[in-house]
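Chains E and R, in that order, give the protein sequences.
Residue 622 in the numbering used here sits at position 622 of the first sequence, and the numbers go up by one each step.
Residue 133 in the numbering used here sits at position 133 of the second sequence, and the numbers go up by one each step.
Keep in mind that the hints are not guaranteed to be accurate.
[Said to hold, decoys possible] Going by beta-carbon spacing under 7 Å, a handful of chain R positions derived as facing chain E:
| hint | residue |
| --- | --- |
| 1 | Gln91 |
| 2 | Val95 |
| 3 | Ala96 |
Because the hints were derived from the structure by calculation, they are not lab data.
We put the beta carbon where it would ideally sit given N, CA and C, even for glycine.
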Amino acid sequence: MMAHSRFVGLDRSMKNEGIGSSVARREGPEKLTGKAQYVADQVLPGRIYGVTVRSKVAHGRILAIRYGEGIPWEEFTIVTAKDIAAMGWHNRVESIEPDQPFLADGIINHAEEPIVLLAHADRHLLERARRAVLVEVEELPAVLDIDQALACVQPVGGRDNLFKEILIEKGDPGFPWAQAAHVVEGEYRTGAQEQLYIETNGMTAEVEGHSVTVRGSLQCPYYVHTALTRLFRLPGPQVRVLQMDTGGAFGGKEDYPSILAGHAAMLAWQARRPVTIIYDREEDMACTTKRHPSRSRLRTAFDAEGRLLAMESDFVLDAGAYTTLSPVVLSRGAIHALGPYRCPNVRIRARAVATHTPPNGAFRGFGAPQSLFAMERHMDIAAARMGLDPVLLRRRNLLKRGDLMATGQLVTEDLDLEGLMDRALADLDYQGKRAAFARHNVGPGPVKKGVGFSVFMHGCGFTGSGEEHLASVTGVRTLADGRLEVLAASTEMGQGKETVFTQIVSEALGIPNDMVRMSPADTREVPNSGPTVASRSTMVVGKLVQDAALGLKRMLVEQQFLAEPCGPEAFRDAVRRAHVRCGVMTCFSQYQQPPGLEWDDASYRGDAYPTYAWACYGVEVRVDTVTWEVKVEDFVARQEVGRVINPVLAAGQVEGGVAQGLGWALWEKVETAQGRMVNNQMTNYIVATAQDLPRIRVYFEENNPYALGPGGAKGLGELPMDGPAPAVLAAIQDALGHLGPMDLRELPVTPERLLEAVEAGHGL
Amino acid sequence: MDSKLQLDLTVNGERRSVAVYPMARLLDVLREDLGLPGTKEGCGEGECGACSVLMDGQLVNSCLVPAVQAQGAELVTIEGLALGGELNPLQRAFVACNGAQCGFCTPGMVLASVDLLRRCAHPSEAEIREGLAGNICRCTGYVKIVDAVQGVRP
Numbered sequence: 001m002m003a004h005s006r007f008v009g010l011d012r013s014m015k016n017e018g019i020g021s022s023v024a025r026r027e028g029p030e031k032l033t034g035k036a037q038y039v040a041d042q043v044l045p046g047r048i049y050g051v052t053v054r055s056k057v058a059h060g061r062i063l064a065i066r067y068g069e070g071i072p073w074e075e076f077t078i079v080t081a082k083d084i085a086a087m088g089w090h091n092r093v094e095s096i097e098p099d100q101p102f103l104a105d106g107i108i109n110h111a112e113e114p115i116v117l118l119a120h121a122d123r124h125l126l127e128r129a130r131r132a133v134l135v136e137v138e139e140l141p142a143v144l145d146i147d148q149a150l151a152c153v154q155p156v157g158g159r160d161n162l163f164k165e166i167l168i169e170k171g172d173p174g175f176p177w178a179q180a181a182h183v184v185e186g187e188y189r190t191g192a193q194e195q196l197y198i199e200t201n202g203m204t205a206e207v208e209g210h211s212v213t214v215r216g217s218l219q220c221p222y223y224v225h226t227a228l229t230r231l232f233r234l235p236g237p238q239v240r241v242l243q244m245d246t247g248g249a250f251g252g253k254e255d256y257p258s259i260l261a262g263h264a265a266m267l268a269w270q271a272r273r274p275v276t277i278i279y280d281r282e283e284d285m286a287c288t289t290k291r292h293p294s295r296s297r298l299r300t301a302f303d304a305e306g307r308l309l310a311m312e313s314d315f316v317l318d319a320g321a322y323t324t325l326s327p328v329v330l331s332r333g334a335i336h337a338l339g340p341y342r343c344p345n346v347r348i349r350a351r352a353v354a355t356h357t358p359p360n361g362a363f364r365g366f367g368a369p370q371s372l373f374a375m376e377r378h379m380d381i382a383a384a385r386m387g388l389d390p391v392l393l394r395r396r397n398l399l400k401r402g403d404l405m406a407t408g409q410l411v412t413e414d415l416d417l418e419g420l421m422d423r424a425l426a427d428l429d430y431q432g433k434r435a436a437f438a439r440h441n442v443g444p445g446p447v448k449k450g451v452g453f454s455v456f457m458h459g460c461g462f463t464g465s466g467e468e469h470l471a472s473v474t475g476v477r478t479l480a481d482g483r484l485e486v487l488a489a490s491t492e493m494g495q496g497k498e499t500v501f502t503q504i505v506s507e508a509l510g511i512p513n514d515m516v517r518m519s520p521a522d523t524r525e526v527p528n529s530g531p532t533v534a535s536r537s538t539m540v541v542g543k544l545v546q547d548a549a550l551g552l553k554r555m556l557v558e559q560q561f562l563a564e565p566c567g568p569e570a571f572r573d574a575v576r577r578a579h580v581r582c583g584v585m586t587c588f589s590q591y592q593q594p595p596g597l598e599w600d601d602a603s604y605r606g607d608a609y610p611t612y613a614w615a616c617y618g619v620e621v622r623v624d625t626v627t628w629e630v631k632v633e634d635f636v637a638r639q640e641v642g643r644v645i646n647p648v649l650a651a652g653q654v655e656g657g658v659a660q661g662l663g664w665a666l667w668e669k670v671e672t673a674q675g676r677m678v679n680n681q682m683t684n685y686i687v688a689t690a691q692d693l694p695r696i697r698v699y700f701e702e703n704n705p706y707a708l709g710p711g712g713a714k715g716l717g718e719l720p721m722d723g724p725a726p727a728v729l730a731a732i733q734d735a736l737g738h739l740g741p742m743d744l745r746e747l748p749v750t751p752e753r754l755l756e757a758v759e760a761g762h763g764l
Numbered sequence: 001m002d003s004k005l006q007l008d009l010t011v012n013g014e015r016r017s018v019a020v021y022p023m024a025r026l027l028d029v030l031r032e033d034l035g036l037p038g039t040k041e042g043c044g045e046g047e048c049g050a051c052s053v054l055m056d057g058q059l060v061n062s063c064l065v066p067a068v069q070a071q072g073a074e075l076v077t078i079e080g081l082a083l084g085g086e087l088n089p090l091q092r093a094f095v096a097c098n099g100a101q102c103g104f105c106t107p108g109m110v111l112a113s114v115d116l117l118r119r120c121a122h123p124s125e126a127e128i129r130e131g132l133a134g135n136i137c138r139c140t141g142y143v144k145i146v147d148a149v150q151g152v153r154p
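Take the sequences, apply the hints, and build the full model.
Here's what the structure looks like:
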């Protein structure tokens, strides 16, 4: 939606604007002047507003919907499940399984489930009306957590409350556990986490005849497009989805906007006027998706030197009441469950269970942070059990070229994880601080200090055959003024896609950035280049953009508009002449599975990801043993992500991801009562302020460029979410180890939880 | 309580007059009645700072200020910083340092930075972190924002 107007006083004439250059964010000036257009900023004549009446109970049967007195109901547009049926629409949100209704139909399966939609021009009256709708419900017993779901005390969904079960097996299923020198077992839990994008979810819908247009804050225009075509049973061209400027997403605007777009569009259809729904913060936090809570049970066998012989994981995610994206979140979690280690015998059983809670969904990392947290925590605890240094235990087990990962994937890159770990630990002065803190901590002061680290990886792009099924397309086309326009459905949500794609084209064609324009993410204009998720935009879509740009250049050469070699001015001139002669020239590029990648969905064997980003994060903390508050004093994030396209933007991704990872570990706790979030306010759901964080020190290694990424780039966006939590818990344990045995196994480590753990360790 | 009042104020150097309900939030008056949507709503309860503006030289959360309290006030919003289309040095530093990612906290963050720099021309990193602690950013981890405030060149 961004108009790239020119601003005086901003120098963009940099010598190198291609790959590896920290060019300034393209849409920066609009964001700095308040000109960026987010969905709530749009002025629309005749527009009315929509609100949602939601369930207050987790599970129940709707007996009646009553509209209270004192409200001029005849002025309102009202939509319920009955209206959806009467209109002949399809009351199911398109996803992996069609089990989630747009509006509850008879049965309520989770608190905050939408039941009635209302629209009116007067927002104050609308709010009164929302409160005046009385939904009479016969409440039914509810299943509210993983343990209840597994016990199957009450069926919720799936088969026996399972939405998905995955088994990954490698090596000898009859591994002789009794003969191993060391066997270590442990259970680890992580809590839900709110994405807390600063712009809440919002959507505007307009209906003309039988054509629907929605504009909103969203990550995946074509997900919304498909959802609306199925809801209204419309052919594709009659639905148009446009992304407005988007104020953060982090996965939280991956699948939820499909529901919100359906709601706004149904109201607009009935009202015959544009309808806008903007959630306020409390509603957004209470009803939209969160990071899945998890429970991991791990058992590992080691030889006398600490080499991993066998590993078993029982990994469970709380999916909530409907399937949504949970099967694929589970898949990524399961594949990452072994961490970056070599192990000959592996059995990973992963399950996504159904509960009567709002569906959990995508959040940066997508299941991997949960399973990696468990494994990294487990490795530290195992090291302590075996009397081994945690660094040495990693050294004995880290993956190297030629090793096989859990799914049997061969490590083909020249991976130097040990070196990466050593360099990160040196950045932190891990050994020096560890020794100094050990001396300090036995002293009398209330403040104790510790250091910790984690080693981990993140698979780039969709899992397994995902990219093959998506078969993403991008295009590059000519503009009359001699510039080029990139056609991609990838969305800018702060990560820097506009800038990075521009740099990729700039590099491929040897032209300056200002000769490249990004088409708005508008399904009428751009092909389906897949969702903006899974650390895939730069690596997968960026590569397609590069191919399309090079293809367009070939077309210009073949049709003799361009002679090589050529400078930027000759290129601009060639584009202009071609455009005059032939009209718009467009070159499309479609994803093709690289040769040599093999994946079997049935057995979960093969190349789970085309490549991986690798990292070691180190952290220093101080723990106040009076208040049990943890302060992060220093943070080192060192990673191998192939070629870095824009170092400043890339560092920004890592810094932001680390802040979210620390929040998940220390402060961010979703409190619920009877399946409803009760701290759904920024006042009592605590995220980091500038004062809570140190300067996060980011280091990129570019030793292993990915041959099939643009310029050698791998994916980056999710990686930084994986490492902070296990590292910071290791550091806390290091700070408090002198107080006696204590194993921190659950996130977040709030001061209350820390005090409990210390008291439990003392046997109090 | 249902009758509107005539609100006279100066916004970004311009005298403006609008009829609004006395208890309307200044945030809504700015966004809807004065046509200045650059100021954002993040939480509606004064916690996130996205709606920060300067009122008579003071940094305020405009979601917590009733219109009646802004009678006669002088306001500065994000739209008032680049008058004539030229980014001011602070805005330029935010662009150059990647201090804005998604951009939604940015207007409030920039106004808070203006306020900080007025009180303290050359703040240390610790002073910046304290000065901006009332503004939540979910994207950046704050490093590049600190860089921007430290990197302002007139």
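Here's how the hints hold up against the structure:
With a least beta-carbon distance of about 4 Å to chain E, the hint placing glutamine 91 of chain R at the interface is held under the 7 Å criterion. The closest approach between the C-beta of valine 95 of chain R and any C-beta of chain E is roughly 4 Å, which is under the 7 Å cut-off, so the hint is satisfied. The criterion of a C-beta within 7 Å of any C-beta in chain E is met by alanine 96 of chain R, whose closest approach is roughly 6 Å, and the hint holds.
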